[in-house]
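Colleague: Sequence:
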Amino acid sequence: MLAANVHISILMFRVRVTCPGCEGARSYIGMAKGSFACAPEWQRRAVAMLTGISQYFFLFLLLGVYLLSAGKGLGMLFYGQKLCLPQWSAVAAIILLPFAGTAREMGAYQSLVWANVITLCGTVLIPLVYYVVAGTGAIDLTGARWYAIAPLTATGVLSALSTFTFGMTSQFMLTEIMSEMKDVRELPKAYVRISAPFQLVAFMVAGLGGYLFMGSLSAGMLNENLPFGAPFQVAAACLVVHMLISYLIKGVVFSTAILRRAAPDFASPDDRRKRSLAAWNGVVISCLLAAWLLANLVPFFGDFVDLLGASFTPLSCWVVPILMFLRCVHDQRGSERRPKVHFLEWVLIALELVLAFVLMVMGTYSSVRKIAEHWHQYGAPFACHCEGIWPTCACSAGHVGMDWCEAVAVNATL
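Taking our numbering, the leading residue of the sequence shown gets 29, the next gets one more, and so forth.
Keep in mind the hints are simulated off the structure, nothing from the lab.
Misleading hints may appear alongside valid ones.
Computed list of lysine-lysine pairs in DSSO-like fashion (alpha-carbon distance at most 27 angstroms, straight line) [what the hints assert, rightly or not]:
id, residue 1, residue 2
1, K61, K302
2, K210, K61
3, K368, K210
Simulated restraints, written as ranges between beta carbons of each label pair [to be verified]:
id, residue 1, residue 2, range
4, V396, S363, 42 to 52 angstroms
5, A65, E214, 21 to 31 angstroms
6, A162, A290, 51 to 61 angstroms
7, A408, W432, 27 to 37 angstroms
8, A188, E214, 25 to 35 angstroms
9, L381, L305, 36 to 46 angstroms
10, L236, R301, 45 to 55 angstroms
11, P292, I177, 47 to 57 angstroms
12, L180, I313, 42 to 52 angstroms
We put the beta carbon where it would ideally sit given N, CA and C, even for glycine.
Please work from the sequences and hints to get the whole structure.
Modeller: And the structure:
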């Protein structure tokens, strides 16, 4: 999945530097229009609509996931405070507002990039270091199994592919990233030498590390499998910062797109007029409110990620970039600028398209069915979800280190 992600990102780069209509493109829709500039009118309109809908929906759902995760992280950090998940999500939105209201470009707070990397590492490494030092005695590993090759099921494979697709893709905002680069031709080097190795190491450490200690019972986020205490809180703090920064970066792209549609005269990030700043903050506040509503309508992280990874991710991050590349190759016939494509690369592109459509159809069906089967376990939207954020038997009886709740329940029935 990582190799496919890198390949499709390089396809987008090749479109950006070889397609005349894409030079200077500052948005995903702008790049789609540029790559289809020589296509019939109906194709241009269809691709622009497909690109916009898939990107905006994907970004909006991402903002909901990030705000939900940041709210849960705050609840885990301050687990002694009896606030419900909707309230913690609102607190996360309030914390974000001053930064989101002043950041009109992704590079506005460059130091936050390093903070994002450090806190991501902390979210993964703190639980693993805890397991190494303290062991897994507090975790109920009854029924856990460790396999060299685990038994495969269609649902499990689709869920894993959806999660990897969600975690490793960035094409939906790659155009905006390239537009802020000093030298766009450095993108392949940055992607292949820095981004891809970091993603590979991060996923392998998180996945294999969690499986090493918990086996087949490993699920959810690693930091959720720590007992209440200082390590649990430090890991939660890392999660909060990581999710808030992730929201900030994606929020810039989403809010800019909305402002360009609603008030193009005030959409320039260099516009320092008070009316422009007011328009920007109006969009930012509206997006935060909408993301908070979404986060509390579907307050279940794992299945939310699976659904997002199976539905909009393949469409926005795989299908649309490949369509751009195919159109670019078609329109550059006879030109020296035409991208050179080996036969094996055509085979790879075909396989990527097949996988994308399988995920969009079968993966989405599997995710929706899974959510429907477990809906009664999640509780109603906007209910006081306190699982894993209140150290009480009523909320977190199944949490690591809460085994004493079983004794309390037994005594209560005697």
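Colleague: Is the distance from the Cβ of P292 to the Cβ of I177 consistent with 47 to 57 angstroms?
Modeller: With Cβ atoms ~54 angstroms apart, the hint holds.
Colleague: Does the beta carbon distance between V396 and S363 stay inside 42 to 52 angstroms, or does it fall outside?
Modeller: holds (45 angstroms)
Colleague: If you draw a straight line from the CA of K210 to the CA of K61, is it 27 angstroms or shorter?
Modeller: At roughly 23 angstroms apart (the allowed maximum being 27 angstroms), K61 and K210 satisfy the hint.
Colleague: Can you tell me whether the CB distance of A408 to W432 sits inside 27 to 37 angstroms?
Modeller: Taking Cβ atoms as reference, A408 and W432 lie about 29 angstroms apart, which means the hint holds.
Colleague: With the threshold set at 27 angstroms, check whether the alpha-carbon distance from K368 to K210 stays at or below it.
Modeller: holds (26 angstroms)
Colleague: A65 and E214, beta-carbon distance inside 21 to 31 angstroms?
Modeller: With a Cβ separation near 26 angstroms, A65 and E214 satisfy 21 to 31 angstroms, so the hint holds.
Colleague: What's the verdict on K61 and K302, does the C-alpha distance respect the 27 angstroms limit or exceed it?
Modeller: violated (32 angstroms)
Colleague: Determine whether the Cβ-Cβ distance between A188 and E214 falls within the hinted range of 25 to 35 angstroms.
Modeller: holds (32 angstroms)
Colleague: CB of A162 to CB of A290, is that within 51 to 61 angstroms?
Modeller: This hint holds: roughly 52 angstroms between Cβ atoms.
Colleague: Honestly, do L381 and L305 meet the 36 to 46 angstroms range at C-beta?
Modeller: With a Cβ separation near 43 angstroms, L381 and L305 satisfy 36 to 46 angstroms, so the hint holds.
Colleague: For the pair L236 and R301, does the Cβ-Cβ distance stay inside 45 to 55 angstroms?
Modeller: Between L236 and R301, where Cβ atoms are some 52 angstroms apart, the hint holds.
Colleague: Could one say that the CB atoms of L180 and I313 fall in the range 42 to 52 angstroms?
Modeller: Holds: the Cβ-Cβ distance is about 46 angstroms, inside 42 to 52 angstroms.
Violation of the numbered hints given earlier is confined to hint 1; every other hint is satisfied by the structure.
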